[in-house]
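Engineer: Assemble the whole structure, with the sequences as input and the hints as a guide.
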Amino acid sequence: MIVGERKPFSEILSMVEDYSKILVVGCGSCVTICMAGGEEEVKILASQLRLAFKKNKKDIEVEEAMALRQCDDEYMNDPVLIDKVKKADIVISMACGVGVQHATAFFNRIITDRPIKIVPGLNTTFMGANLDVGIWEERCVGCGDCVLEKTGGICPITRCAKSLLNGPCGGSSNGKCEINKETDCAWHLIIERLEALGELDRIKPIEMYKDWRPSHDGGPRKIVREDMRI
Amino acid sequence: MNEFEPKIIAFCCHYCALAAADVAGKMGLQFSPNIRIIRVLCTGKIEVPHLLKAFESGADGVVVISCKFGECYFKEGNFRAQKKVERTQSLMQEVGLEPERLMFDFVPGPGAKKFVDILNGMTEKVRSLGPNPSVH
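Sequence order for the protein chains is A and B. So in my numbering the end of the first sequence lands on 230, straight run, no missing numbers. So in my numbering the end of the second sequence lands on 1136, straight run, no missing numbers.
Where hints are given, some of them may not hold.
Said to hold, decoys possible - Dumping the calculated BS3-like pairs for lysine-lysine here, alpha-carbon to alpha-carbon at most 25 Å:
no., chain 1, residue 1, chain 2, residue 2
1, B, LYS1083, A, LYS43
2, B, LYS1125, B, LYS1113
3, A, LYS58, B, LYS1053
4, B, LYS1045, A, LYS43
5, A, LYS57, B, LYS1053
6, A, LYS55, B, LYS1125
Everything labelled a hint here was simulated from the structure, so no lab data went into it.
Structural biologist: In structure tokens:
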């Protein structure tokens, strides 16, 4: 899932304090699961804004709303949500960067009498797994050319600090990476896993340099499934 | 000028703080009339928005009273409540509200004296802090 973290309150406040009607919109998908932008986080941010504005004697309205998925028109096309956006001077999106951009495009397409300003309430951090209650860790950088079949299901691009395809490097010590004693050496894990699978020979061939063209360096990526298009 | 009388919300665990309140009543112990008690089945069910909402709705102080650690009826509800209180205190600090307006404490079931001391102590503390700046 996409993992995010709420921006510092002072940063959010500086984005919205010049407006008089603010709408905070949460997203019911990834950022709800990672407890950064779901219904509860919307309530918390809205409460904080109201408390801060009242303390500073500012007469600013703060409304709350939810969309099940801000990255999908189907879930955004809700008359109640659209009506709340129409009444707001500024919208804080608690979705990931995808949701913020999609919401901007969607609402500016649906509401045509004035431009809708949408600002991010989160910093989108990584694509990761939920390791335990309250702990998330990055597992994929979306490089566009998966090598997990060669590395025992452990991604060296994401989990090795140098993204090495032929590891480990000299910075691996007792299974840990030199960047941080809490960070596992991805190549140590890969070798352990391949050994357990009886496939250690897989890492004998030298991997050539990675083709980064399917990654972000080629600009925004797009997938079109012709079989789904009418 | 009248002396400021704070409004204080006390979220009380049904199994300990409420029992302590009952015992306090039977013992004839009095606590400050500034307190409004909200009974919860377990303080672990209190979420951060509940605590912030109390301040938004006019509370000058909020106290969460749970069971002693290791004695929670639901095993770990009091640990959860303490974490929620700590997080709420940092959120309050971000908006410029004194985190001392929110307090976490615990009492054993028969701890009537401690229960009354917590509430009276909180009343005095909030009285010295003054009114909630986000309300008054």
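Engineer: All hints, please: hold or fail.
Structural biologist: So, going through the hints one by one against the coordinates:
no.	hint	verdict
1	LYS1083(B) <-> LYS43(A)	18 Å, holds
2	LYS1125(B) <-> LYS1113(B)	18 Å, holds
3	LYS58(A) <-> LYS1053(B)	18 Å, holds
4	LYS1045(B) <-> LYS43(A)	16 Å, holds
5	LYS57(A) <-> LYS1053(B)	18 Å, holds
6	LYS55(A) <-> LYS1125(B)	20 Å, holds
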